[in-house]
Amino acid sequence: KGWSVADSNARCDLCPALESVDHLLLRCRPVNALWHRLLLGPLALHSPDIQSFVCQAVDQLAFKHKWNVTFAACVVTVWQARNDRLSTTSAGRSLTLGSMQLI
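Residues in the sequence shown are numbered from 1427 upward in steps of one, following this note's numbering.
No wet-lab data here; the hints were simulated from the structure. Every clue listed holds true.
Label pairs and their calculated CB-CB ranges:
1) Ala1488 <-> Ala1436: 35 to 43 Å
2) His1472 <-> Trp1493: 17 to 25 Å
3) Asn1494 <-> Val1447: 15 to 23 Å
4) Val1484 <-> Ser1513: 29 to 37 Å
5) Gln1482 <-> Thr1514: 32 to 40 Å
6) Trp1493 <-> Thr1514: 26 to 34 Å
7) Gly1467 <-> Ala1498: 16 to 24 Å
8) Ser1513 <-> Cys1441: 18 to 26 Å
For clarity, every value in this text was computed on a predicted model and none was experimentally measured. Every residue gets a Cβ at the ideal spot worked out from N, C-alpha and C, and that includes glycine.
Make the full structure from the sequences, and use the hints.
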């Protein structure tokens, strides 16, 4: 959606919020459920942006040495799920990440 030049009317397709990188990867309810499973939900909600989240999350995790891979896997999966939802014409609006259906 051209996130480098924000569209002030771009809405998340899962909730009424404005769509942005920070919203999609941190605050959108289904994605935040994923961060909650990794014990990072509150941090995701309260981080000002994705960069702050990444820097602070690594200090909170027991699996620090695997954080880069975990974060990359989460982001790629969320992005692919978003693109799949946008490219299908089905009425279903659920978000499934791997075997975990979030909504």
